[in-house]
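Chains B and C: place on chain A using the hints.
Protein chains in written order, with this note's numbering: chain A, 1 to 325; chain B, 1001 to 1261; chain C, 2001 to 2277.
Please note that the accuracy of each hint is not assured.
In silico BS3-like cross-links for lysine-lysine, where the CA-CA straight-line distance does not exceed 25 Å [to be verified]: (1) Lys2162/C with Lys1150/B; (2) Lys1142/B with Lys1229/B; (3) Lys2164/C with Lys1198/B; (4) Lys1147/B with Lys2164/C.
Here are a few chain A residues that face chain B, going by a calculated C-beta distance under 7 Å [unchecked claim]: (5) Asp183; (6) Leu251; (7) Cys254; (8) Asn257; (9) Leu266.
Chain B is nowhere near these chain C residues, computed Cβ spacing over 12 Å in every case [as the list claims (entries may be wrong)]: (10) Glu2012; (11) Ile2013; (12) Pro2048; (13) Thr2060; (14) Val2081; (15) Ile2089; (16) Leu2108; (17) Gly2132; (18) Asn2136; (19) Val2159.
Since the hints were derived computationally from the structure, they do not count as laboratory data. The C-beta atom is built at its ideal place from N, Cα and C for all residues, glycine as well.
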Amino acid sequence: MQNSNILEVESLAVRFGESRARAVDEISFGLAKGETLGIAGESGSGKTASILSILGLLQRATVKGSAKFEGRELIGADNKLLNEIRGKRIGLVLQDPFAALDPVKTVGHQISEGLRASGWSKKRAMKHAIHLLEEVGVPSASQRVNAYPHQFSGGMRQRVVIAMALAQDPDVLIADEPTTALDVRIQKQVLDLMKQQCENRGMSLVIITHDLGVISNYTDRIIIMYAGKIVEESNRLKLFDQPLHPYTQGLLDCLPNLGNSENEYLKTIGGQPPIPGKLPSGCRYHPRCSFTEPVCTQGDNPQLVPVKWGRSACIQLEKFLRESQ
Amino acid sequence: MAALVETRGLTKRFSQGFFSSQKTTALDDVTISIESGETVGLVGESGSGKSTLALSIARLLQVDSGQIFFDGDDITGFTANQMRPLRKALQFVFQDPYSSLNPRMSVKGILSEGIRLHRGLSNKSEIENEIVNVLTTVGLGKDDMRKHPKEFSGGQRQRIAIARALAVEPRFLICDEPVSALDMSIQAQILNLLKMLKIEKNISMLFISHDLAVVNFLCDRAYVMNAGKIVEQGGVDDIFNSPKEQYTQDLISASLLAKSN
Amino acid sequence: MKFLRYMGSPLEIAAVGFAALMVLLAIIGPLIAPHDPYEVDFFNRFLPPSTEYFFGTDATGRDVFSRVLYGARLTLASALVVIVIVALIGIIIGVVSALSGGLVDDVLMRFTDIWLAFPPLVLAMGFAAAFGAGINAAILALIITWWPGYARLTRALIVETKDKDFIVAAKAMGIGKIRTIIFHLIPNSLDVLFVQLTLDVAAVILVISGLSFIGVGAQIPLAEWGAMIADGRSAMSRAWWVVFFPGLAILLTAVSFNLVGDILRRELDPALRRREF
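Chain A with its partners taken away, still in its complex shape (with noise of 0.2 Å):
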């Protein structure tokens, strides 16, 4: 498994500033060459820190660790390597597509100005733009292709987004919460684009994101953050009907599906969660969890094991699976 993956993240961590706190603890995974992987969490979880960082992308932070695309170390590469792998190899989209433009700027010179850079010229770069434009389903794309980003709408925008992630025909998409600032209907259409794209190109795709929603219907793996750490490792089709941890069967627990409208309340879970600063001893989700036993409160964080399909980070995953069904 470890040699096909492109990318490979080991004990990756990561502090802000001066502070000690670590906003990523630590965290291992992998991505598989083709597959799609959704890292799930709330804020503070560390999942945006965690991505950003492996591209360099963090500003005023101490990283950490390893993370090898295609066996090239990329933290603590200099910017001559992450140059090469951010844009071209590595795609990223982001959440707020109208910061992500520039306003100035037309959009088929934003797209076309990686291209440009890696020594095209500039007729074949804006045709290449034209194509994107096309494949990502922007109407009437030889026009628009000299519209500003003010132009379009949300939903386009971000469509534009992918087309300039895209354009240098990455091996990897990596989406941070692509389709929080959009509406409803918009975000199916921008997930299923990207998903198709992928499946087109044969890229692996990572979507960061808060949504449970999202992860159910677009990933093939997840991973869930809390508080820094990886609390489970799943796949879409055994993450829903059975967790592999209490944190994220209490996420299930509280979204109100169009399902679940009998019930009087919402199951919660309490508290908040930790300040990066202050957190419990021994495992970090025990003060919110109905599962704790004594063990939980001491010592380290647990560490991420193997379990059935997946990993857990639950040292009472026994206890919890049984008492869930």
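Same frame as chain A, now just chains B and C:
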């Protein structure tokens, strides 16, 4: 019996921009009603006009034509002074917990303003008691009184915003996407809080959201808005199980697909 | 003041200390001055610094040290008068302009722009010519030329803040306009202004001293630092102390207030940039 809140033929246009003479129609002949004791949902995508409708009903925005009724009175043209006594009964919870609280006021200060104005209390300890009561209702504590908003998380700030509204003992609460900016587990907590207010305090509510599942959980009836118009209305079960309009059906499919288990 | 906790380097601590000292001297200076700053004594002209005359004496035998002490009050009081009046005019016009919008806003801002066209120096000279030179002429000239900046700044800050949710929330609560302005709008928009005021104290001190130096501001025998420098200029080569000590006072006072302004801006800036709302 007259509805608690009613709008008739509400229309509102916004000009497109500085140099443009074009106008967008945010509200197009909107007629809705909310009975006392009801929780009514207002569903729509961005640009549907749902926030504009909410702000118009609360008289925080002027409409171009149409009428707004509260408890039988036509409040469409009410001045700020005329609205003041009604503010006790009609309260608003905003979407963004990070901008709806005065950063320079303590929680105590924020909550006491409404109490002083609308509950007729001036005795310091009486006011403090009321503040502690309402903080407890929303799941916060006495110690939170002297803190400032920046010391709280998004979910906690939203609780403070709800407490601010509750402190004046309102009969009607307009909630404009109150949980959209919050994490899933916190959303659930706030939704439970709102449901508790509905069940235990019998507060009528207009609940705006783009999230059908949330509306389904909290509301009895709902209106679906698109491009400034009401396109469908009815009991939540009816709308979501057997929608009559294609638009509603599209919304349901998109959200089911995005949220199915 | 909370910012005492945030003073970083020794330089900053020194700056705050010196500024505080100046303020103190402005208040008690005249009480502790060893000599009458206006008492001439032709037998003791141009005496170098000594234990009796700490900063020496000037062309007419007056004690430079006492004059510097009196000058502190004069300079800081003048700066305070300018700043306070300028802030008041600017804030009132800025608030009215921002909240009225439309025609009133346009008219007020164009009116403000007109006054921006006047250069302080030329105006001061004009006043000196018309009403006679003196520190009041300098103060008036500064007030007239300085207020437009504050009006524009205030207007911009209020416009930025007035549509924020918590302001709308105040309206939704039925809170009156005046109360909203005083308790919600102003505390959340004018922190930038406050920083600007502190920085401007330094600037005003320099301009007032400068105007006095060139002769259109305070006149000798007034113990104003700029005027003292002008007065002692011709004798600079043989009595350096007459020019040095007032000059040093101007320098240190302006720099220290400037640094205090910087500290304030730094402390408020993360909050501003974070701009929670």
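Quick rundown of the hints versus the structure:
no.: 1; hint: Lys2162/C with Lys1150/B; verdict: 20 Å, holds
no.: 2; hint: Lys1142/B with Lys1229/B; verdict: 45 Å, violated
no.: 3; hint: Lys2164/C with Lys1198/B; verdict: 28 Å, violated
no.: 4; hint: Lys1147/B with Lys2164/C; verdict: 21 Å, holds
no.: 5; hint: Asp183; verdict: 4 Å, holds
no.: 6; hint: Leu251; verdict: 6 Å, holds
no.: 7; hint: Cys254; verdict: 3 Å, holds
no.: 8; hint: Asn257; verdict: 5 Å, holds
no.: 9; hint: Leu266; verdict: 4 Å, holds
no.: 10; hint: Glu2012; verdict: 25 Å, holds
no.: 11; hint: Ile2013; verdict: 27 Å, holds
no.: 12; hint: Pro2048; verdict: 54 Å, holds
no.: 13; hint: Thr2060; verdict: 54 Å, holds
no.: 14; hint: Val2081; verdict: 28 Å, holds
no.: 15; hint: Ile2089; verdict: 24 Å, holds
no.: 16; hint: Leu2108; verdict: 20 Å, holds
no.: 17; hint: Gly2132; verdict: 46 Å, holds
no.: 18; hint: Asn2136; verdict: 38 Å, holds
no.: 19; hint: Val2159; verdict: 15 Å, holds
Hint check: violations occur at hints 2, 3; the rest are consistent with the structure.
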